[in-house]
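Position chain B against the provided structure of chain A, taking the given hints into account.
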Amino acid sequence: MTAIDPHLLEDYFKNVSDDGLENFNLKVGGIGLSVNATKDELFETALTKYEEFLVPEAFPESVVFYDVQTLPDPDAIIQAFDQYKEIYTSSAGRFLNVYRWDFFGIIDIENRTGKFILFNTTFMTYESIIRIFYSLLAVENHGFLIHSSSLVHKDKGYVFFGISGSGKSTVVKLSESDECLTDELTMITKTEDGYFTSGTPFHGELPIYKNKTAPLANLFLLTKSETTYFEKLKQSDIYPILLRNVLFFSDDWELRQKIFNTVIDLAKHVDIYEMYFEKNNKFWRIIDNGFKNED
Amino acid sequence: MDLKTKIKRNGNSSFQVADGKAVVMLAVNSNIFTLNEIGTIIWGLLNETKTYEELVSGVLSKFPDENQEAIQEDILAFVKDCLKEQLLLLEA
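Just so you know, the sequences run in chain order A and B. Note that the working numbering gives residue 83 to position 95 of the first sequence, counting from 1, and the numbers run on in steps of one. Adding 2 to a residue's 1-based position in the second sequence gives its number in the working numbering.
Some hints could be false.
Stated by the list, open to error - Some but not every residue of chain B turned toward chain A, in silico, with C-beta under 7 Å:
#	residue
1	N12
2	S15
3	Q18
Stated by the list, open to error - Computed list of lysine-lysine pairs in DSS-like fashion (alpha-carbon distance at most 27 Å, straight line):
#	chain 1	residue 1	chain 2	residue 2
4	B	K64	A	K256
5	A	K161	A	K144
6	A	K200	A	K142
7	A	K15	A	K27
8	A	K222	A	K15
9	A	K246	A	K200
10	A	K178	A	K256
11	A	K161	A	K142
12	A	K161	A	K280
13	B	K23	A	K178
14	A	K220	A	K144
15	B	K10	A	K246
16	B	K52	A	K222
17	A	K222	B	K23
18	A	K178	A	K200
19	A	K256	A	K142
20	A	K178	A	K15
21	A	K246	B	K23
22	A	K246	B	K86
23	B	K52	A	K256
24	B	K6	B	K52
25	B	K23	A	K220
26	A	K222	B	K86
27	B	K6	A	K222
28	A	K270	A	K144
29	A	K144	A	K212
30	A	K15	A	K200
31	A	K220	A	K256
32	A	K267	A	K161
I should point out that these hints are in silico values taken from the structure, not numbers from a laboratory. The structure presented is a predicted model; accordingly, all values stated were derived computationally and were not measured. Built from N, CA and C at the ideal position, the CB exists for glycine as well.
Bound-form chain A, shown alone:
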C-alpha cells in the first residue's frame, strides 16, 4: 500500500482554523493532555466518558481535532484515505504522521503536540487518537500502555494481559471484591518509588474504569485452563511477549528503544507470571499465598 506523501498531509492543514475550538484536559496515570476541538456531540460524549479523568488545568501536551467538513472538497480527502483500514505511521524527523480511513494527523514528538483531521462522526475515531497520543506520552514517562485489565487487590496493582479472548474481562468479573482500574488498557509508569499501574478511561467489554494509581505488584500473562496455577515466565520469553501487548504505533527507532529499555527494566523489578486459570477466583488465593500452586 502506498504511503501518503508527508507534504500532502501538511498541505491539508493550511486550510484549518482554530476559531471556535474549545478544550478539555485529561490526566491519565499522572500524564496530562489537553484536547482542543469543536464543542459538538463527540466533545460532549468525551466530557461524559472521561469525567473521572478531567482536570481544570491545560497542558503543553495537546492535540487539536479539526472536522474534515470544514476543509475544501472533503469527499476527495475522505476517498484518499479510504484504503487505509488499519493505522499507518511514518516518521519524518521529530514528526510522526498517523493515518487511517477515518482520520489523519501529524504529531510533533519533541513538543508533544498534535493536529488531526477527523472524517468520522463516531466516538471511536476521537478515542483512537487519544489512545495513540497517550501511548506516546507514556513512553516519554518511562512507561507504556498495555492491552490488559488491572485490579487493585489489598492496595497493590495487578495487571492481567494477553491476546483478545484470553480472559482480561473474565478476570475482572471474577474479582468482584477488588477494584477494577480498566479491562482494556492499563497505563504503567515509573517514578523514583518504582512502577505503578493506573486506570485509563479506555474500557473494553465492561464499562468500568477508575482514575486510580497503585504500586505495581505483578503482571500476569493469561491462559484459560482446566486448573489454576502460575509459572514464572523465563526472562528470555518476557520481552517479546510484553512488547507484543504494548500499545504502540510509531516506527520511530528512538521511541522504540525507549519502550524496549522500559520493558527490560520493568522485568528486572517486577515478577511476571503466566497465569493458567479456571473460571473462578482461586487465582487470588494462590497470589495471596505467595504463588504456591495448589495440588
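This is chain B only, laid out in the frame that chain A set:
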C-alpha cells in the same frame, strides 16, 4: 568464514543486559533476541569489530577449563545464527 573474517554487531540495534544475558532488539523489524552465555560474551567482545580468530580466542580465554573444541563449535553455531538473523554482520 575463515579466521581473518571481520565480524561486527549490527549497528542498527539496541541492547541491554538483563539477568546476565544480552537482550538485543533489531531496528529493522523490532525482533528481540535473548542471547545465551556464549552469545552474551561474544556480543560484549564485539563492542568493536573483531576477526573470527580474535573472537574465538576471546571466548576461549573465559573458559580455560572447559572442552575447547565444544566451545569452538558453539561459537561457530552462534555466529552463523546471528549472521542469518542479521544481529552480526561481516565487514569487508
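| said: Flag every earlier hint the structure violates by its number, smallest first. | reply: 1, 2, 8, 16, 23, 27
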